[in-house]
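What follows is each chain in one-letter form.
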Amino acid sequence: MTVITPPETATLAAAAAAPSTAFWRSRGFPLIPMAILLFIAFVAVFADVLAPHDPQIGSLARRFRPPVWQEGGSWAYLLGTDHVGRDVLSRLIFGARVSMIVGVTAVLVAGVIGTLLGILSGYLGGWADQVVMRVTDTWLALPALTFAIFLAAIVGPSELNIILILGLVYWTRYARVIRGEVLSLKQREFVRLAIVAGCSKRIIMWRHILPNVINSAIVLATLMLGVVIVTEASLSFLGVGVPPPKPAWGLMMADGKKGLMVGYWWLTVFPGICIMLMVLSANLLGDWLRVKLDPQLRQL
Amino acid sequence: MKQYIIRRAGYSLLSLFLLSLTIFLFVRVTGDPTALLTEPGASVDDIEAMRHQFGLDQPLWVQYWHFIASFLTGDLGQSFYYRTPVLDLYFQRLPNSLLLAVVAMGLSLLIGIPSGILAAVRVDRFWDSAGKIFALLGLSLPQFWVGLVLILVFSVYLGWLPSSGSGTFLHLLMPAFTLGWYFAAAHMRMTRSSMLEVLGSEYVKLARLKGLPESLVIGKHALKNALIPVVTLAGINLVVMINVAVVVETVFAWPGIGRLLYEGVTFRDFPVVQAVVVIGGSMIIMVNFLVDILYALIDPRIRLES
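Going down the list, the sequences are from chains A and B. Just so you know, we're using the working numbering here: the first sequence kicks off at 175 and counts up by one. Just so you know, we're using the working numbering here: the second sequence kicks off at 7 and counts up by one.
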């Protein structure tokens, strides 16, 4: 009798045997998006060294310089200068730091709250479940951006507040999915055995349930990164995000909007390209991870 | 059926209650409500008077009762900036938002449904991937960037369309496309998956066995049933669109509800901000309720299951 291994299991086993090579070499790995995200992270970390000028101080004597390849541009200001003479390239470089910090931290905040509440709600059931799920349903009904604007209007904009606001707005997405997973995990043999063995609820949730939902949480986090960055940029664009003169990409576009009609296109186009590249990369990576790590989520 | 409707109605009422509680608590607990509810620059005496007038010196549950009672009677407060009741302002802007949402929905379905069908019929082929990329772009590109690039191309360089404002049909095109593209992705995915499901069903197989031409099988037999979930989603999204167009309306200076929210935030006109959030959330909760009921009416499995 021959044992036929399903192809899916075979690749998974191979990946487990040699994770370092098989993982990266597997078919369809989004190399370019990964490279873009790593590059943005690199730029964010070394912004102080990379930026040719101070991102917050400009000189009115050199306002609205076009990029170097246009007439009037100079090599000192590769991508031109803005309405108060600040170097656009330097602001983009420091803006990467703002986007990375706000994006990644907000996703983590939302992920931790959502995953924990999802596990509690799914495993404990009863009243805890009812309360968490009703709040989740209600908050999901509020359009995310509108809700974020409302919160920003109350607490006032600052980098920390934006992170907390985004965390508060987006944890519900995790809670919904994680709870569903926990409900099915609860019926599985190993959890029942753990109960029989006398494990406390806390131990079961922490040691047996959490490790099994962490993959889904990671996939969701990658997919949420794009959403969160767009929301952050939108808040900045509307003037309730990261406060000026900090260089945030959304803020740069809001400032640049006034110059658009008279042809200062570089003020809006460059930050827009940065946001687009980052969000698109995060989404492509997330889509790939979803298929790779979590076949159950494929249907979503 | 009656039981199902009652339970759904109960859930929706609970959601509305939680929504009001959320809004109420965030305003009272996370900061000084007098700073939000009184006009910027009010004197200390005025603030004290306001504190008393709004009942902020009373226990929380009394305050909450007043909050709910005034909402239920349609009193959402006065706008600081416009000096008129907030509800009047809201209804002034609603037709504009509705117009924008309807046109945007039209465009979005015009893009989403054909590309979804194409993707389902040609799974993993060129049109499927092209559709996926187009949908992903719609979701990934920030709306304000799409809007600004459209303005740059069609208003600044080509001079074909007005960059902002309202009044003619031409004013509508760019904002509606920007808003519609974002939602086209969802409609495309829904059409694709629902179409795939229907194409695998028995009656489609029968239609094929009868020897009907493929165009008739897909265009007539499959499409009719595949569109039901898409139309439902479109119905929900129409309401969502009215309430999430804040970025689009700000970019194109379209005088709708989103623009009202933006003005509320910039002029620190808190009653306006609060009203837009509360009404928007309530609208969406109610639409979800209606859709649940509608589904149960159409599909007995749903109402019998629970």
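The set of hints was computed from the structure by calculation and includes no laboratory data. Small disclaimer: the values here were computed from a predicted structure and weren't measured. Be aware that a few hints might be false.
With a Cα cut of at most 25 Å, we get these calculated DMTMM-like pairs of lysine to aspartate or glutamate [said to hold, decoys possible]:
id, chain 1, residue 1, chain 2, residue 2
1, A, 420, B, 269
2, B, 230, B, 94
3, A, 466, B, 305
4, B, 216, B, 203
5, A, 432, A, 228
6, B, 138, A, 303
7, B, 8, A, 311
8, A, 466, B, 220
9, A, 375, A, 333
10, A, 420, A, 245
11, A, 420, A, 333
12, B, 230, B, 220
13, A, 466, B, 269
14, B, 230, B, 208
15, B, 216, B, 269
16, A, 432, B, 298
17, A, 431, A, 228
18, B, 226, B, 305
19, B, 226, B, 134
20, B, 226, B, 203
21, B, 211, B, 305
22, A, 431, B, 220
23, B, 226, B, 94
24, A, 431, A, 303
For each hint, the structure was consulted:
1. At most 25 Å may separate the alpha-carbon atoms for a hinted pair to count; residue 420 of chain A and residue 269 of chain B meet this at roughly 23 Å.
2. For a cut-off of 25 Å, the pair hint linking residue 230 of chain B to residue 94 of chain B is broken: about 41 Å separates their Cα positions.
3. As the CA atoms of residue 466 of chain A and residue 305 of chain B are separated by approximately 35 Å, the hinted pair breaks the 25 Å bound.
4. For the suggested pair residue 216 of chain B and residue 203 of chain B, the alpha carbons sit about 20 Å apart, so the restraint of at most 25 Å is met.
5. With a C-alpha separation of about 23 Å, the suggested pairing of residue 432 of chain A with residue 228 of chain A holds against the 25 Å cut-off.
6. Of the supplied pair hints, the one linking residue 138 of chain B and residue 303 of chain A is violated, its CA atoms being roughly 36 Å apart against a limit of 25 Å.
7. The hinted pair formed by residue 8 of chain B and residue 311 of chain A meets the criterion: a straight-line CA distance of about 23 Å does not exceed 25 Å.
8. Restraint check for residue 466 of chain A and residue 220 of chain B: the C-alpha separation of about 35 Å exceeds 25 Å, so the hint is violated.
9. A threshold of 25 Å between alpha carbons decides the hint, and for residue 375 of chain A with residue 333 of chain A the separation of about 37 Å lies outside it, so the pair is violated.
10. Taking the CA atoms of residue 420 of chain A and residue 245 of chain A, the gap is about 29 Å. The hint is violated against a cut of 25 Å.
11. With a C-alpha separation of about 9 Å, the suggested pairing of residue 420 of chain A with residue 333 of chain A holds against the 25 Å cut-off.
12. For the hint pairing residue 230 of chain B with residue 220 of chain B, the CA-to-CA distance comes to about 15 Å; that is within 25 Å, so the pair holds.
13. For a cut-off of 25 Å, the pair hint linking residue 466 of chain A to residue 269 of chain B is broken: about 45 Å separates their Cα positions.
14. Distance check on the hinted pair: residue 230 of chain B and residue 208 of chain B sit about 15 Å apart at the alpha-carbon level, within 25 Å; holds.
15. Taken as a hint, the residue 216 of chain B and residue 269 of chain B pair is broken in the structure, with Cα atoms around 61 Å apart against an allowance of 25 Å.
16. Restraint check for residue 432 of chain A and residue 298 of chain B: the C-alpha separation of about 45 Å exceeds 25 Å, so the hint is violated.
17. Between residue 431 of chain A and residue 228 of chain A the alpha-carbon distance is near 22 Å, which keeps this suggested pair within the 25 Å criterion.
18. In summary, the hint linking residue 226 of chain B to residue 305 of chain B is supported, as the alpha carbons are separated by about 21 Å, within the 25 Å threshold.
19. Straight-line distance between C-alpha atoms of residue 226 of chain B and residue 134 of chain B comes to about 21 Å, which keeps the hinted pair within the 25 Å bound.
20. Distance check on the hinted pair: residue 226 of chain B and residue 203 of chain B sit about 15 Å apart at the alpha-carbon level, within 25 Å; holds.
21. Taking the CA atoms of residue 211 of chain B and residue 305 of chain B, the gap is about 23 Å. The hint holds against a cut of 25 Å.
22. A distance of roughly 50 Å separates the Cα atoms of residue 431 of chain A and residue 220 of chain B; the hinted pair therefore is violated under the 25 Å criterion.
23. Restraint check for residue 226 of chain B and residue 94 of chain B: the C-alpha separation of about 46 Å exceeds 25 Å, so the hint is violated.
24. Under the criterion of a C-alpha separation no larger than 25 Å, the hint pairing residue 431 of chain A with residue 303 of chain A is inconsistent with the structure, at around 46 Å.
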